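Colleague: Chain A is fixed; fit chain B onto it per the hints.
The lines below spell out each chain.
2 protein chains.
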Amino acid sequence: MSLAEQVLEGNIRAAARLMRDIDDDRPQVIDELKRLYPHTGSAYIIGITGPPGAGKSTLVDQLTASFRNQGKKVGVVAIDPTSPFTGGAILGDRIRMNRHSCDEGVFIRSLATRGALGGLSRSTSDVALVMDALGMDIIIIETVGVGQDEVDIVKEAHTTCVVMVPGLGDDIQAIKAGILEIGDIFVVNKADREGADRTARELSNMLDMRRAVEGKWNPRVMKTEAQRGTGIEDLTNEILAHRAFFLSSGTINEFLRERNQRHFMGILRDTLFKKALLFMADNNLCIRVETDMNNHRIDPYSAVEKIISKMMQDSADRV
Amino acid sequence: MSLAEQVLEGNIRAAARLMRDIDDDRPQVIDELKRLYPHTGSAYIIGITGPPGAGKSTLVDQLTASFRNQGKKVGVVAIDPTSPFTGGAILGDRIRMNRHSCDEGVFIRSLATRGALGGLSRSTSDVALVMDALGMDIIIIETVGVGQDEVDIVKEAHTTCVVMVPGLGDDIQAIKAGILEIGDIFVVNKADREGADRTARELSNMLDMRRAVEGKWNPRVMKTEAQRGTGIEDLTNEILAHRAFFLSSGTINEFLRERNQRHFMGILRDTLFKKALLFMADNNLCIRVETDMNNHRIDPYSAVEKIISKMMQDSADRV
Numbered sequence: 305m306s307l308a309e310q311v312l313e314g315n316i317r318a319a320a321r322l323m324r325d326i327d328d329d330r331p332q333v334i335d336e337l338k339r340l341y342p343h344t345g346s347a348y349i350i351g352i353t354g355p356p357g358a359g360k361s362t363l364v365d366q367l368t369a370s371f372r373n374q375g376k377k378v379g380v381v382a383i384d385p386t387s388p389f390t391g392g393a394i395l396g397d398r399i400r401m402n403r404h405s406c407d408e409g410v411f412i413r414s415l416a417t418r419g420a421l422g423g424l425s426r427s428t429s430d431v432a433l434v435m436d437a438l439g440m441d442i443i444i445i446e447t448v449g450v451g452q453d454e455v456d457i458v459k460e461a462h463t464t465c466v467v468m469v470p471g472l473g474d475d476i477q478a479i480k481a482g483i484l485e486i487g488d489i490f491v492v493n494k495a496d497r498e499g500a501d502r503t504a505r506e507l508s509n510m511l512d513m514r515r516a517v518e519g520k521w522n523p524r525v526m527k528t529e530a531q532r533g534t535g536i537e538d539l540t541n542e543i544l545a546h547r548a549f550f551l552s553s554g555t556i557n558e559f560l561r562e563r564n565q566r567h568f569m570g571i572l573r574d575t576l577f578k579k580a581l582l583f584m585a586d587n588n589l590c591i592r593v594e595t596d597m598n599n600h601r602i603d604p605y606s607a608v609e610k611i612i613s614k615m616m617q618d619s620a621d622r623v
Numbered sequence: 305m306s307l308a309e310q311v312l313e314g315n316i317r318a319a320a321r322l323m324r325d326i327d328d329d330r331p332q333v334i335d336e337l338k339r340l341y342p343h344t345g346s347a348y349i350i351g352i353t354g355p356p357g358a359g360k361s362t363l364v365d366q367l368t369a370s371f372r373n374q375g376k377k378v379g380v381v382a383i384d385p386t387s388p389f390t391g392g393a394i395l396g397d398r399i400r401m402n403r404h405s406c407d408e409g410v411f412i413r414s415l416a417t418r419g420a421l422g423g424l425s426r427s428t429s430d431v432a433l434v435m436d437a438l439g440m441d442i443i444i445i446e447t448v449g450v451g452q453d454e455v456d457i458v459k460e461a462h463t464t465c466v467v468m469v470p471g472l473g474d475d476i477q478a479i480k481a482g483i484l485e486i487g488d489i490f491v492v493n494k495a496d497r498e499g500a501d502r503t504a505r506e507l508s509n510m511l512d513m514r515r516a517v518e519g520k521w522n523p524r525v526m527k528t529e530a531q532r533g534t535g536i537e538d539l540t541n542e543i544l545a546h547r548a549f550f551l552s553s554g555t556i557n558e559f560l561r562e563r564n565q566r567h568f569m570g571i572l573r574d575t576l577f578k579k580a581l582l583f584m585a586d587n588n589l590c591i592r593v594e595t596d597m598n599n600h601r602i603d604p605y606s607a608v609e610k611i612i613s614k615m616m617q618d619s620a621d622r623v
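Heads up: the sequence lines are chains A and B, in that order. Just so we're on the same page, this note's numbering is the position in the first sequence counted from 1, plus 304. Just so we're on the same page, this note's numbering is the position in the second sequence counted from 1, plus 304.
Same shape as in the complex, but just chain A (with noise of 0.2 Å):
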């Protein structure tokens, strides 16, 4: 039976395989994943994204307990950058996610590496496609917010929650830009804090600035205490509101055709230089484009071009 299949039937073990597969970007990750595609699409994902140090973890275990509750099974994909700034606090966090870890009905998946290929956004969808077919209903997406990268992978959810503390003080200032954009839902959390009334009104204002639009969401600031467990019922019970408007809207359609479009464009990306790297490899070409570069023979510029019209060549040769 193939991994598909067995992921097909709710085999954990599978799925987990699979995963590692996709981390070690096999050539075979390709065909399962195209088994499992028909039978994907229903899980919910949700985003949890925001600076390091907000408490994103403790947040997405509470989440998680939540839709527990509910009877819900939840995937969770922990996303731990390699950044030389932020790897080493990231995976200490990563600890506190064991209360679940008997739970056959949650599935926690973390991704430190970026793949040979294609990047944290390509693996944390196909991870995802993998959850998904092995019927969770809920998959939590957790990204430390900082880069690009990040931001593409929060593109993959239905919902994304930015998470925010107080007391980062003038940072909320400087992340105005591009922070209102990408939130489906904002989380004050550490609520106790000093300042956290603050940092939720400045955080208010700043949305309403931005007009509401007649049939769009307004996205809310909520204040969580993750780790007491305080506004938790609040949060889930948002998520679920935005969902229902994200169903009903007809926001999902356009979600999806960007998603389908998006995904389509990295595999394209990926396959053609896979395919590339092969042909170089079954001709020892690599060794030879390396040296005609490093003795200045050739610049790279015109070494790319030359290896791919020999490829197309091939090509033509073979038919």
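Hints were generated in silico from the structure; no laboratory data involved. Please read all numbers here as calculations on a predicted model, not as lab measurements. Please note: incorrect hints may appear among the correct ones.
Distance condition first, Cα-Cα at most 30 Å in a straight line; then the derived DSS-like pairs of lysine-lysine [as the list claims (entries may be wrong)]: (1) 377/B - 614/A; (2) 578/A - 376/B; (3) 610/B - 338/A; (4) 610/A - 338/B; (5) 338/B - 614/A; (6) 610/A - 614/B; (7) 579/B - 578/A; (8) 459/B - 610/B; (9) 578/B - 459/A; (10) 610/B - 459/A.
Modeller: Below, chain B alone, put in the same frame as chain A:
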């Protein structure tokens, strides 16, 4: 006269024009870069990276002045990542660079977008190539070290300075994983602040734990107050010391090999992808593929395979 020829004559406006064309991802750029390529390789590239708020822009400004005093021409590539969490603050910093704006020996270029294709590190290396061809002796690449994208950019530099500030507290522990790998020189800026000595000591200790390897460069920790210009001369001298080591030890050969390979791979990937997009546009395939995916008639993996085999067939037919 081609833009490339004008750039090689030192025409600053032609260089600015070519950089705009790089930003706009115009097809004729490749030919211009090919023409420039044989005339490059003499500029020395310095990377400055570190977390937001470390005072990198001020430091770059001071280093620029320092190298100008030595009669060197200086190009600055300032990366403004479009991250929603850092964007605003960094663009604000940029305004301080103005004091060199009337100096013909200084060429400053901000890169804010990641470009249509190929990402920020491709644009950065192309822009650095133009500055090199224009006759800049020193090229400083300034970037916020928060993501993998930025780490990739730093790889373009011969000497990388990692800038830290006192008072980031626990972060020092958190960042230890990757940061030590990428820095040739560590700078504790805002050294008048409380805790500067501790931060410098902690960094030194971490560096000491990596046993000194015979024949390898041993990074030092420098202290600066960029606002007041303190420590800049020492830092400049340390950069020149690393440069001397870099050139005499043979490290440069390994560096150039890796850079050639990285550039080749990046260009190969982008060029193939562009070719595919062009092929789809020329054959009116875009809408058909999109419609099929949106109607669930095909999954993105199979759609990509179909397009690639059409492409190969087409190139065979032409021969």
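Colleague: Now tell me if each hint is right for this structure.
Modeller: Going down the list of hints, with the structure as the test:
1. 377/B - 614/A: violated (41 Å)
2. 578/A - 376/B: violated (43 Å)
3. 610/B - 338/A: holds (13 Å)
4. 610/A - 338/B: holds (13 Å)
5. 338/B - 614/A: holds (19 Å)
6. 610/A - 614/B: holds (21 Å)
7. 579/B - 578/A: holds (15 Å)
8. 459/B - 610/B: violated (37 Å)
9. 578/B - 459/A: holds (23 Å)
10. 610/B - 459/A: With a Cα-Cα distance of about 26 Å, the restraint between residue 610/B and residue 459/A holds, given a limit of 30 Å.
Checked against the numbered hints above, the structure breaks hints 1, 2, 8 and satisfies the rest.
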